[in-house]
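Please construct the entire structure, taking both the sequences and the accompanying hints into account.
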Amino acid sequence: MAGYEWISFTTDYGTFDGFVAACHGSIARVAPQARVIDVTHHVPPADVIRGAAVLAQTAPYLPPSVHLAVVDPGVGTARRGVVLTTPNGVLVGPDNGLLIWAAEALGGVTTAHELSNKDWTLGDVSRTFHGRDVFAPAAARLAAGSAAADAGPPVDPTTLVRLPDPLVTVGDGWIEAEVLTVDRFGNVQLAAGGSVLTGLGPELTVNGNVRARRGATFADVGAGELLVFTDSADRASIAVNNGRAVVVLSVRPGDIIRITER
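The opening position of the sequence shown corresponds to residue 1 in the UniProt record's numbering, with each subsequent residue numbered one higher.
It cannot be assumed that every hint is accurate.
[What the hints assert, rightly or not] Derived DMTMM-like pairs (lysine to aspartate or glutamate); straight-line CA-CA distance at most 25 Å:
1. Lys118 to Asp156
2. Lys118 to Asp133
3. Lys118 to Asp150
I should point out that these hints are in silico values taken from the structure, not numbers from a laboratory.
Right under this line is the structure:
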(Lines of atoms letter the chains of each structure in order from A; the text may use other names.)
(Lines give C-alpha, C1' and ligand atoms only; values in the text may rest on other atoms or scores of the structure.)
Protein backbone atom coordinates (compact mmCIF):
# COMPACT_ATOMS: atom_id res chain seq x y z
CA MET A 1 0.00 0.00 0.00
CA ALA A 2 1.09 3.55 -0.69
CA GLY A 3 -0.10 4.83 2.67
CA TYR A 4 -0.85 8.47 3.42
CA GLU A 5 1.30 11.56 3.51
CA TRP A 6 -0.88 13.25 6.13
CA ILE A 7 -2.23 12.43 9.59
CA SER A 8 -4.88 14.71 11.10
CA PHE A 9 -4.97 14.84 14.89
CA THR A 10 -7.95 15.80 17.09
CA THR A 11 -8.06 15.49 20.89
CA ASP A 12 -9.23 16.97 24.17
CA TYR A 13 -5.67 16.91 25.54
CA GLY A 14 -5.11 20.67 25.54
CA THR A 15 -1.68 22.20 25.00
CA PHE A 16 -0.58 22.98 28.55
CA ASP A 17 0.85 19.49 29.13
CA GLY A 18 3.01 17.16 27.08
CA PHE A 19 0.26 14.81 25.92
CA VAL A 20 0.08 16.08 22.34
CA ALA A 21 3.87 16.18 22.00
CA ALA A 22 4.13 12.58 23.23
CA CYS A 23 1.65 11.47 20.55
CA HIS A 24 3.57 13.39 17.91
CA GLY A 25 6.65 11.56 19.14
CA SER A 26 4.95 8.17 18.78
CA ILE A 27 4.01 9.05 15.21
CA ALA A 28 7.53 10.23 14.38
CA ARG A 29 9.11 7.06 15.77
CA VAL A 30 7.01 4.87 13.46
CA ALA A 31 6.51 7.10 10.40
CA PRO A 32 8.98 10.01 10.47
CA GLN A 33 7.94 10.97 6.94
CA ALA A 34 4.29 11.60 7.90
CA ARG A 35 3.10 15.17 8.25
CA VAL A 36 0.59 16.00 10.99
CA ILE A 37 -2.25 18.51 10.79
CA ASP A 38 -3.44 19.41 14.29
CA VAL A 39 -7.18 19.95 13.92
CA THR A 40 -7.69 20.93 17.55
CA HIS A 41 -6.58 19.80 20.98
CA HIS A 42 -9.10 21.99 22.78
CA VAL A 43 -12.22 19.86 22.58
CA PRO A 44 -13.77 20.25 26.05
CA PRO A 45 -12.57 17.35 28.23
CA ALA A 46 -14.49 14.12 27.50
CA ASP A 47 -16.92 15.95 25.16
CA VAL A 48 -17.24 13.23 22.52
CA ILE A 49 -20.05 15.03 20.68
CA ARG A 50 -18.01 18.22 20.27
CA GLY A 51 -15.01 16.20 19.08
CA ALA A 52 -17.16 14.28 16.62
CA ALA A 53 -18.68 17.47 15.23
CA VAL A 54 -15.35 19.26 14.81
CA LEU A 55 -13.77 16.27 13.09
CA ALA A 56 -16.74 15.70 10.76
CA GLN A 57 -16.84 19.36 9.76
CA THR A 58 -13.09 19.53 9.12
CA ALA A 59 -12.04 16.18 7.62
CA PRO A 60 -13.63 16.68 4.18
CA TYR A 61 -11.47 19.78 3.64
CA LEU A 62 -8.17 18.02 4.42
CA PRO A 63 -6.00 16.10 1.96
CA PRO A 64 -6.42 12.30 1.94
CA SER A 65 -5.33 11.40 5.46
CA VAL A 66 -5.29 9.05 8.37
CA HIS A 67 -7.57 10.84 10.85
CA LEU A 68 -6.40 10.21 14.41
CA ALA A 69 -8.95 11.30 17.02
CA VAL A 70 -8.83 10.74 20.77
CA VAL A 71 -11.60 11.98 23.05
CA ASP A 72 -11.75 8.93 25.22
CA PRO A 73 -13.40 9.05 28.65
CA GLY A 74 -13.58 5.23 28.54
CA VAL A 75 -9.83 4.74 28.16
CA GLY A 76 -8.66 1.57 29.91
CA THR A 77 -12.12 -0.03 29.89
CA ALA A 78 -13.51 -2.71 27.58
CA ARG A 79 -14.38 -0.16 24.87
CA ARG A 80 -12.79 -1.06 21.52
CA GLY A 81 -10.23 0.81 19.55
CA VAL A 82 -11.10 0.78 15.85
CA VAL A 83 -9.77 1.53 12.39
CA LEU A 84 -12.47 2.68 9.97
CA THR A 85 -11.79 2.78 6.23
CA THR A 86 -13.76 5.16 4.01
CA PRO A 87 -13.48 6.11 0.34
CA ASN A 88 -11.61 9.26 1.31
CA GLY A 89 -9.43 8.35 4.26
CA VAL A 90 -8.94 6.17 7.32
CA LEU A 91 -9.98 6.96 10.89
CA VAL A 92 -8.35 5.69 14.08
CA GLY A 93 -9.63 6.09 17.62
CA PRO A 94 -11.96 4.76 20.31
CA ASP A 95 -15.27 3.12 19.39
CA ASN A 96 -17.39 5.60 21.33
CA GLY A 97 -19.11 7.49 18.52
CA LEU A 98 -16.25 9.94 18.00
CA LEU A 99 -15.41 8.76 14.47
CA ILE A 100 -18.79 7.95 12.94
CA TRP A 101 -19.90 11.40 11.76
CA ALA A 102 -16.52 12.01 10.14
CA ALA A 103 -16.61 8.59 8.49
CA GLU A 104 -20.00 9.45 7.00
CA ALA A 105 -18.70 12.83 5.83
CA LEU A 106 -15.86 10.99 4.06
CA GLY A 107 -18.21 8.70 2.16
CA GLY A 108 -19.22 6.11 4.75
CA VAL A 109 -17.53 3.15 6.41
CA THR A 110 -16.40 0.56 3.85
CA THR A 111 -14.56 -1.66 6.34
CA ALA A 112 -14.01 -1.61 10.09
CA HIS A 113 -11.38 -3.43 12.14
CA GLU A 114 -10.76 -3.72 15.84
CA LEU A 115 -7.41 -2.25 16.81
CA SER A 116 -5.97 -5.20 18.75
CA ASN A 117 -2.64 -6.07 17.12
CA LYS A 118 -0.13 -5.97 19.97
CA ASP A 119 2.72 -5.53 17.49
CA TRP A 120 1.30 -2.13 16.56
CA THR A 121 1.76 -0.65 20.05
CA LEU A 122 4.84 1.11 21.36
CA GLY A 123 6.31 -0.42 24.52
CA ASP A 124 4.15 -1.02 27.56
CA VAL A 125 0.63 0.30 27.06
CA SER A 126 -0.56 2.75 29.72
CA ARG A 127 -4.12 2.10 30.85
CA THR A 128 -4.78 5.85 30.77
CA PHE A 129 -2.89 7.03 27.66
CA HIS A 130 -3.94 4.99 24.66
CA GLY A 131 -3.48 8.07 22.49
CA ARG A 132 0.29 7.78 22.85
CA ASP A 133 0.67 4.01 23.09
CA VAL A 134 -2.08 2.59 20.86
CA PHE A 135 -3.81 5.08 18.57
CA ALA A 136 -0.89 7.30 17.49
CA PRO A 137 1.41 4.41 16.51
CA ALA A 138 -1.49 2.74 14.68
CA ALA A 139 -2.16 5.91 12.71
CA ALA A 140 1.53 6.09 11.87
CA ARG A 141 1.61 2.50 10.63
CA LEU A 142 -1.39 3.15 8.41
CA ALA A 143 0.25 6.30 7.06
CA ALA A 144 3.39 4.27 6.34
CA GLY A 145 1.39 1.79 4.26
CA SER A 146 0.21 -0.95 6.61
CA ALA A 147 -3.16 -2.44 5.71
CA ALA A 148 -6.15 -1.68 7.93
CA ALA A 149 -6.83 -5.43 8.02
CA ASP A 150 -3.54 -5.90 9.88
CA ALA A 151 -4.85 -3.84 12.80
CA GLY A 152 -7.06 -6.69 14.02
CA PRO A 153 -10.19 -8.68 13.23
CA PRO A 154 -12.99 -7.21 11.12
CA VAL A 155 -15.89 -5.50 12.87
CA ASP A 156 -19.46 -5.39 11.60
CA PRO A 157 -20.00 -1.66 10.94
CA THR A 158 -23.55 -1.94 12.31
CA THR A 159 -22.08 -2.72 15.76
CA LEU A 160 -20.04 0.49 15.94
CA VAL A 161 -21.12 2.85 18.70
CA ARG A 162 -23.20 5.76 17.41
CA LEU A 163 -24.00 9.03 19.09
CA PRO A 164 -27.69 9.87 19.54
CA ASP A 165 -29.13 11.79 16.62
CA PRO A 166 -29.50 15.45 17.64
CA LEU A 167 -33.06 16.75 17.81
CA VAL A 168 -34.29 18.75 14.83
CA THR A 169 -37.98 19.58 14.23
CA VAL A 170 -39.29 21.84 11.48
CA GLY A 171 -42.78 23.34 11.35
CA ASP A 172 -44.65 26.05 9.45
CA GLY A 173 -42.74 29.22 10.29
CA TRP A 174 -40.64 27.69 13.06
CA ILE A 175 -37.80 25.28 13.80
CA GLU A 176 -36.56 23.62 16.96
CA ALA A 177 -33.03 22.26 17.02
CA GLU A 178 -30.45 21.09 19.49
CA VAL A 179 -27.35 23.19 20.09
CA LEU A 180 -24.55 21.14 18.54
CA THR A 181 -21.49 23.27 19.29
CA VAL A 182 -20.42 26.69 20.50
CA ASP A 183 -17.25 28.08 18.92
CA ARG A 184 -14.64 30.36 20.48
CA PHE A 185 -16.44 33.44 19.13
CA GLY A 186 -19.58 32.47 21.03
CA ASN A 187 -21.50 31.55 17.89
CA VAL A 188 -24.17 28.92 18.54
CA GLN A 189 -24.29 26.15 15.93
CA LEU A 190 -27.46 24.10 15.68
CA ALA A 191 -27.85 20.50 14.57
CA ALA A 192 -30.18 21.62 11.77
CA GLY A 193 -28.83 22.06 8.27
CA GLY A 194 -28.76 25.56 6.91
CA SER A 195 -31.45 24.75 4.34
CA VAL A 196 -34.15 24.80 7.04
CA LEU A 197 -33.73 28.56 7.29
CA THR A 198 -35.04 29.13 3.76
CA GLY A 199 -38.54 28.46 5.03
CA LEU A 200 -38.37 31.34 7.50
CA GLY A 201 -38.93 35.03 6.95
CA PRO A 202 -36.35 37.74 7.68
CA GLU A 203 -37.72 38.84 11.06
CA LEU A 204 -37.34 36.16 13.75
CA THR A 205 -37.63 35.48 17.45
CA VAL A 206 -35.30 33.10 19.27
CA ASN A 207 -36.57 31.22 22.31
CA GLY A 208 -39.71 33.31 22.48
CA ASN A 209 -38.29 36.66 23.50
CA VAL A 210 -35.02 37.52 21.70
CA ARG A 211 -35.40 39.40 18.45
CA ALA A 212 -33.19 38.32 15.52
CA ARG A 213 -32.84 38.70 11.77
CA ARG A 214 -32.06 36.11 9.13
CA GLY A 215 -29.05 37.04 7.04
CA ALA A 216 -25.90 35.81 5.36
CA THR A 217 -23.10 37.78 7.03
CA PHE A 218 -22.48 39.34 10.44
CA ALA A 219 -22.80 42.83 8.94
CA ASP A 220 -26.42 42.12 7.96
CA VAL A 221 -27.36 43.16 11.50
CA GLY A 222 -26.26 46.05 13.65
CA ALA A 223 -23.65 45.80 16.38
CA GLY A 224 -25.03 43.82 19.30
CA GLU A 225 -27.93 42.41 17.28
CA LEU A 226 -28.72 38.73 16.78
CA LEU A 227 -28.18 37.06 13.39
CA VAL A 228 -29.55 33.69 12.27
CA PHE A 229 -27.50 32.40 9.34
CA THR A 230 -26.02 29.38 7.58
CA ASP A 231 -22.44 28.87 8.76
CA SER A 232 -19.40 27.55 6.88
CA ALA A 233 -20.30 23.96 7.83
CA ASP A 234 -23.77 24.42 6.28
CA ARG A 235 -25.47 24.41 9.69
CA ALA A 236 -28.08 26.80 11.00
CA SER A 237 -26.28 29.07 13.45
CA ILE A 238 -26.86 32.10 15.62
CA ALA A 239 -24.38 34.93 16.15
CA VAL A 240 -24.24 38.42 17.60
CA ASN A 241 -22.49 41.09 15.56
CA ASN A 242 -19.52 42.12 17.75
CA GLY A 243 -20.83 39.97 20.59
CA ARG A 244 -21.38 36.44 21.83
CA ALA A 245 -24.65 34.70 21.07
CA VAL A 246 -24.01 32.05 23.69
CA VAL A 247 -24.10 34.76 26.38
CA VAL A 248 -27.19 36.49 25.01
CA LEU A 249 -29.11 33.20 24.78
CA SER A 250 -27.58 31.56 27.87
CA VAL A 251 -27.41 28.13 26.24
CA ARG A 252 -24.97 25.26 26.02
CA PRO A 253 -24.59 22.19 23.79
CA GLY A 254 -27.57 19.88 24.13
CA ASP A 255 -30.07 22.66 24.84
CA ILE A 256 -33.03 23.10 22.47
CA ILE A 257 -33.47 26.40 20.64
CA ARG A 258 -36.73 27.46 19.01
CA ILE A 259 -36.70 29.97 16.17
CA THR A 260 -40.00 31.44 14.99
CA GLU A 261 -41.12 34.09 12.55
CA ARG A 262 -42.28 37.37 14.03
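Each hint tested on the structure:
1. Lys118 to Asp156: With Cα atoms ~21 Å apart, Lys118 and Asp156 stay inside 25 Å; holds.
2. Lys118 to Asp133: holds (10 Å)
3. Lys118 to Asp150: holds (11 Å)
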